[in-house]
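Given only the sequences and the hints, what does the whole structure look like? Please build it.
Here the protein sequences come in this chain order: A and B.
So for the first sequence, the numbering used here puts the first residue at 176; every next one is plus one.
So for the second sequence, the numbering used here puts the first residue at 3; every next one is plus one.
Keep in mind that the hints are not guaranteed to be accurate.
Said to hold, decoys possible - Quick list of in silico lysine to aspartate or glutamate cross-link-like pairs, EDC-like style, CA-CA up to 16 Å: (1) A:Lys200 with A:Asp381; (2) B:Lys54 with A:Glu280; (3) A:Lys360 with A:Asp372; (4) A:Lys246 with B:Glu145; (5) A:Lys200 with A:Glu180; (6) B:Lys244 with B:Glu131.
What the hints assert, rightly or not - Computed list of chain B residues with no C-beta within reach of chain A, every gap over 10 Å: (7) Leu32; (8) Leu68; (9) Ser126; (10) Ile184; (11) Lys244.
As the list claims (entries may be wrong) - Just so you have them, the derived chain B footprint on chain A, three or more residues with Cβ under 8 Å: (12) 247 to 255; (13) 275 to 289.
Simulated from the structure, these hints should not be mistaken for lab results.
Beta carbons: idealized from backbone N, C-alpha and C, even for Gly.
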Amino acid sequence: MIRGENLSKRYGDVDAVASTDIHIKTGAITAIMGGSGSGKTTLLRLLSGLEIPTTGHVWYGDEDLCDMPDKRLYEVRESMGMLFQYSALLNSLNVYDNVAFPLHEHTDLDEDVIRTMVAMKLEQVGLRGFENLMPSELSGGMAKRVAFARAMAMDPRIVFFDEPTSGLDPISAGVISTLIHDTSKMNRMTSVVVTHDVSAGLAIADHVILMWQGRIIAKGPPDSIRESTDERVCQFLEGRPDGPIPFSRSTTSYIDDLTHRPGTVRLES
Amino acid sequence: MSNEMSGKSSAISMFFGSLGRYAMRGIEELGDGTRLGMQALSLFFVRPWQGKHFVLQLYALGVGSLAIIIITGAFTGMVLALQGYYTLAKFGSESLLGAGVGMSIIRELGPVLGAFMIIGRAGSSITAEIGIMRVTEQTDALEMMAVNPKQRILLPRIIATTIAVPLLVSIFDVVGIGSGYIVGVELLGVNPGAYMAELIAKITMHDIYGGWVKAVVFGFMIGMICTYMGYRATPTTEGVAKATTQAVVVASVGVLIMDYILTSFYL
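Encoded structure:
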């Protein structure tokens, strides 16, 4: 359903995503994993059409998302949902209005029907009864769950999840992961989950993509990723500090930086 | 000697180089801002209509700025009456006080001071609000919910400022002239008949239309500049703060420049 072809995104001198081909399987959960700064969120934003690629195309069926007129893009987006890393709830609206927002915007449903649908979505995320709270009154986990309910409000065909469990306690993270898994399977929804939570990613995904320095370094079912002998994959999965993926991203020599600045440190041999 | 000369010429070229870069950046931003504003305005006739959001913005900008406009208008009229009275008294022309206060307020001070107050009160909050929506990905969330943020966020604010500013300026004018009357007639003893007669005789519809034209143009400018600054703010706390300051400065300077241009055309 969604296919990225030769996708690149460059910010200044940095290639956030470089010459990447990606195929998102319809009806499956695809987890895009990788360390911080590996380009996974940029890739997600490219696939959702929030960013225009420097090179390449994003195919939605046989239509290029990058060349779509605005009108068509918004039509396509009515079948999409997205859960943002920091929830992105509209902070002038309460929980009810946030979840009802897409329904108010894109349907002519009666307010009573919308109220019932919102109650169902909030029940699904365990927050029925919190309709009148404002986003500023919610905890991080609650905000994520409200954002999840909002993303699901229109029963989308594709949902993008950007770091759905980051910053959450293990129970809340588990609840969100279960929700993603169960809802995707129940609704036969295509889900793209960006995460650096290895256990959650491998547990819920049908297909895993591992990224490093803007490129895909491994892809396949979770079992094949677990059994991979690629040193970079093993280092990431095991969380080892030493290995081919360096922790430091400095481009200059540390010693040079310290010694060549006048009045700082002088190293005697 | 030649080293000194080359040092001077490199300093001059550096000065003009950075001046050129600033000018280029200014022109780029002007182009970008105009394009963004026009994109938003082109969505005016596109469904869904933004009537409800426009009314909400009009209420927030208009009613929210009413108190500051009344206070500023009142004190401007009072100061003008005081200053005008003692200046006119030197020539024995106190009876012209009404015309002086009225013309100053309707043609110049009402639109300009009114616009400044609205920039400070409403323009800065427009920029900060939109900037924060960018920082917290709320505009991206709107995009993903198939709602065009230019149509939903920018358009109602640009239209609302364009309509609210002339209405507020009219209130400023009435309050200013009224407070000038109180100070001139009640406190300083100017003949009430003379105050009103000169006011009515000297102020023409041309003056009033001129003030309104200025107010409409200022309102449109404020909407365009403040929404642009917020929408293009660097998505950081510092970026939003900087954008808010810039919006106030650019809009205020823009109002003064446009005031001169419109005055030179309208006189």
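Structure-based check of all given hints:
For the suggested pair A:Lys200 and A:Asp381, the alpha carbons sit about 9 Å apart, so the restraint of at most 16 Å is met. The suggested pairing of B:Lys54 with A:Glu280 holds, with an alpha-carbon distance near 13 Å, which does not exceed 16 Å. Restraint check for A:Lys360 and A:Asp372: the C-alpha separation of about 20 Å exceeds 16 Å, so the hint is violated. With a C-alpha separation of about 12 Å, the suggested pair A:Lys246 and B:Glu145 falls inside the 16 Å cut-off, and the hint holds.
The hinted pair formed by A:Lys200 and A:Glu180 meets the criterion: a straight-line CA distance of about 14 Å does not exceed 16 Å. Of the pairs offered as hints, the one joining B:Lys244 and B:Glu131 holds, with about 13 Å between alpha carbons and a cut-off of 16 Å not exceeded. Look at B:Leu32: its CB is around 23 Å from the nearest CB on chain A, clear of 10 Å, so calling it non-interface holds up. For B:Leu68, the condition that its CB be more than 10 Å from all CB atoms of chain A holds, with the nearest at approximately 21 Å.
No beta-carbon of chain A is positioned within 10 Å of the beta-carbon of B:Ser126; the least distance is around 17 Å. At roughly 41 Å from the closest C-beta of chain A, the C-beta of B:Ile184 stays outside 10 Å, upholding its exclusion from the interface. The beta carbon of B:Lys244 sits about 19 Å from the closest Cβ of chain A, which is more than 10 Å, so the claim that it is off the interface holds. For the region 247 to 255 of chain A, the stated coverage by chain B holds: 5 residues have a C-beta nearer than 8 Å to a C-beta of that chain, and at least 3 were required.
Counting residues of the region 275 to 289 of chain A whose C-beta lies closer than 8 Å to any C-beta of chain B gives 4; at least three are required, and the coverage claim holds.
Going through the hint list in order, the structure does not satisfy hint 3, though it satisfies all others.
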